[in-house]
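K.L.:
First to last, the protein sequences are chains L and P. Just so we're aligned, residue 1 is where the first sequence starts under our numbering, counting upward by one. Just so we're aligned, residue 1 is where the second sequence starts under our numbering, counting upward by one.
What the hints contain is simulated information worked out from the structure, not anything from laboratory work. Since we're looking at a predicted model, the values are computed, not measured. Any given hint could be a false lead.
No distinction is drawn between identical chains; accordingly, a pair holds when it is met within one copy or between any pair of copies.
Said to hold, decoys possible - DSS-like cross-link-like pairs, simulated, lysine-lysine; straight-line CA separation at most 30 Å:
id : residue 1 : residue 2
1  : 308       : 336
2  : 206       : 158
3  : 158       : 271
4  : 26        : 126
5  : 173       : 134
6  : 336       : 126
7  : 158       : 134
8  : 308       : 188
9  : 295       : 26
10 : 308       : 126
11 : 134       : 300
12 : 200       : 134
13 : 142       : 336
14 : 295       : 158
15 : 188       : 300
16 : 126       : 173
17 : 126       : 295
18 : 158       : 308
19 : 26        : 134
20 : 200       : 158
21 : 169       : 200
22 : 142       : 263
Number of protein chains: 2
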Amino acid sequence: MSETQSSLFEGFNSLEELGELGLIEKIAGMFGRHRTSSTAGIGDDCAVLPFGNSESMLVTTDLLIENTHFYLDRISPRDLGYKALAVNLSDISAMGGKPVYAFLSIGLPLDIPLDWLDAFLSETRKLSEQYHVKLMGGDTTKSESGLLINYTVLGIAKHDQILWRSNAKPGDKIALLGSTGESGAGLKLLEINDLPDDEKYRQLIKVHNRPRIFIREAQFLARSPAVHAMIDLSDGILSDAGHIAEESGATLQIDVEELPLSKNLRETCEKFEWQPLELALSAGEDYSLLFTIDKTEIEKVRNEFREKFSVPFSVIGDVTDGPSELRLNSDGNSFKINKRGYDPFKNIES
Amino acid sequence: MSETQSSLFEGFNSLEELGELGLIEKIAGMFGRHRTSSTAGIGDDCAVLPFGNSESMLVTTDLLIENTHFYLDRISPRDLGYKALAVNLSDISAMGGKPVYAFLSIGLPLDIPLDWLDAFLSETRKLSEQYHVKLMGGDTTKSESGLLINYTVLGIAKHDQILWRSNAKPGDKIALLGSTGESGAGLKLLEINDLPDDEKYRQLIKVHNRPRIFIREAQFLARSPAVHAMIDLSDGILSDAGHIAEESGATLQIDVEELPLSKNLRETCEKFEWQPLELALSAGEDYSLLFTIDKTEIEKVRNEFREKFSVPFSVIGDVTDGPSELRLNSDGNSFKINKRGYDPFKNIES
Numbered sequence: 001m002s003e004t005q006s007s008l009f010e011g012f013n014s015l016e017e018l019g020e021l022g023l024i025e026k027i028a029g030m031f032g033r034h035r036t037s038s039t040a041g042i043g044d045d046c047a048v049l050p051f052g053n054s055e056s057m058l059v060t061t062d063l064l065i066e067n068t069h070f071y072l073d074r075i076s077p078r079d080l081g082y083k084a085l086a087v088n089l090s091d092i093s094a095m096g097g098k099p100v101y102a103f104l105s106i107g108l109p110l111d112i113p114l115d116w117l118d119a120f121l122s123e124t125r126k127l128s129e130q131y132h133v134k135l136m137g138g139d140t141t142k143s144e145s146g147l148l149i150n151y152t153v154l155g156i157a158k159h160d161q162i163l164w165r166s167n168a169k170p171g172d173k174i175a176l177l178g179s180t181g182e183s184g185a186g187l188k189l190l191e192i193n194d195l196p197d198d199e200k201y202r203q204l205i206k207v208h209n210r211p212r213i214f215i216r217e218a219q220f221l222a223r224s225p226a227v228h229a230m231i232d233l234s235d236g237i238l239s240d241a242g243h244i245a246e247e248s249g250a251t252l253q254i255d256v257e258e259l260p261l262s263k264n265l266r267e268t269c270e271k272f273e274w275q276p277l278e279l280a281l282s283a284g285e286d287y288s289l290l291f292t293i294d295k296t297e298i299e300k301v302r303n304e305f306r307e308k309f310s311v312p313f314s315v316i317g318d319v320t321d322g323p324s325e326l327r328l329n330s331d332g333n334s335f336k337i338n339k340r341g342y343d344p345f346k347n348i349e350s
Numbered sequence: 001m002s003e004t005q006s007s008l009f010e011g012f013n014s015l016e017e018l019g020e021l022g023l024i025e026k027i028a029g030m031f032g033r034h035r036t037s038s039t040a041g042i043g044d045d046c047a048v049l050p051f052g053n054s055e056s057m058l059v060t061t062d063l064l065i066e067n068t069h070f071y072l073d074r075i076s077p078r079d080l081g082y083k084a085l086a087v088n089l090s091d092i093s094a095m096g097g098k099p100v101y102a103f104l105s106i107g108l109p110l111d112i113p114l115d116w117l118d119a120f121l122s123e124t125r126k127l128s129e130q131y132h133v134k135l136m137g138g139d140t141t142k143s144e145s146g147l148l149i150n151y152t153v154l155g156i157a158k159h160d161q162i163l164w165r166s167n168a169k170p171g172d173k174i175a176l177l178g179s180t181g182e183s184g185a186g187l188k189l190l191e192i193n194d195l196p197d198d199e200k201y202r203q204l205i206k207v208h209n210r211p212r213i214f215i216r217e218a219q220f221l222a223r224s225p226a227v228h229a230m231i232d233l234s235d236g237i238l239s240d241a242g243h244i245a246e247e248s249g250a251t252l253q254i255d256v257e258e259l260p261l262s263k264n265l266r267e268t269c270e271k272f273e274w275q276p277l278e279l280a281l282s283a284g285e286d287y288s289l290l291f292t293i294d295k296t297e298i299e300k301v302r303n304e305f306r307e308k309f310s311v312p313f314s315v316i317g318d319v320t321d322g323p324s325e326l327r328l329n330s331d332g333n334s335f336k337i338n339k340r341g342y343d344p345f346k347n348i349e350s
């Protein structure tokens, strides 16, 4: 198939060796990052494009592939219709934006049951109406390669409310909205044959198949100048907090004892001899929001937040002066983390 | 897999029976067309979103699936890298816009050779630089389902220069930039085993694998108030001109003797006993531009066009008062066309 020797990927022999982050670096190097104070291309949750005088347009896109990202016997059409759009809304809100328009490209096997498709689309519509997001177009095609779903979502944010990954400041507290580890446990439960029926398991699987997203909560936080950087936990805390450390040029210290581990998660991990902390740190798809916030303002913001919302708001660490790295503090010890969560090309945690 | 009985698709038993246009109708009915004088959702080449006082943002997206839309042994990585982006640039320009930003979602089999990927990306970059389009983001993931490519392209157009499908007016001439039928012949040639090497065949295959697009030509035409409606020929003249007839509420009459059939096309069709007119009318992916233009202005616009560009500019018919339909005129006879070109869900021309 090849026409030329590869110079772009010199020194690498395969995609697996290069890794996803490696590939994105190479693409960013080739095409440019297009980054200015008001514009961002490759490298954040969303692209940021200038839009009028005081606003920016945020753009995010996400490709979901049957038998790579989901299995039709493990997720209902309603949950998949919800999740495929929800993860994109989460990306927009994690940068402080309001999602506005959605575009759906969908590749459909010709034998897909129409009632399956109806349920999928109905749930997508329900979610889009809930947040006043308009489906404005897309592409429909048959697929010989299973079901394929690509959403592109456009959102709007005020320039000065964009929550860049690069904006964490020494002196900030690190906080987390929502839970962590539950989606990873849900995924592991889905992989077990003949799983006994148990409300705990159903709840964890629900977190995986139908993750809670925090659109209005994120918009509330973005309005506070005390909130500096934010990311949604799609690849796990180690990977996602690592991105903030790297982009902000600061040290992020996470106190592992402060991570919110639910009773469901702890009990299920005990039963199956899984490590809840490992799931909390390394498993992805929680879509909880991790953010940094000025420590002198955190109590005020948290109190205001709690008057409006009932989502768990945990303080889990500190941003400090120091090298661009992530450290875990536990039991009085501090460990530097090189591990970067899940790399989809490597199939192992690297 | 099903949870509920389908009410959305009542009366249909399969996707094949519903067809792609049927599915799009159902989705548009469910989600709304979001159409005002300055906004358009589902149903044109691009979505049109308000953007500032005098401009609109155009958005288009296109999903290409290995072994459904392309075969890696029939197209080089360079041609595929070109074509995957080019067809989206063509959609933006067919509405009178200037493409500005691109987003690439790509699903990669882990065993894809890195020199293949390098060639694919290099050619994408070359095309994007040629038209000053910036790649601003996307999604990279492994794929267990072959190579998957979804481009989303954003463009800008002045409100009053947007070339809506619905804007053809009785009295307009129908014109065509470029050729027709050659891409369809190229596709048929690619399906022949042990095709003899011949410059004619190579040229036709090139039209299919690396279609010429008319970005600057379309922008020139969009600046003329005499040009009313435009569409790029992605599904064949019958289908695409049919869309203009339907959306504009007018009759489009195509004089088949005026269709530009190249010498390569005619000679190749003679050799293989194919019908060149059938390819010109029903085969897709020519990406030539079909447009309607005020008949009193056409000579002036064509002369100005020819001073700047060397692309064939053919006059192929008339827009007339009458029902929303497409008619073919040939040899003094006129035929109403119900045929709608290629429907990807039906696998037959319907």
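K.L.:
Give me the numbers of the hints this structure contradicts, sorted from smallest to largest.
P.N.:
1, 2, 3, 5, 6, 8, 9, 11, 12, 15, 16, 17, 20, 21, 22
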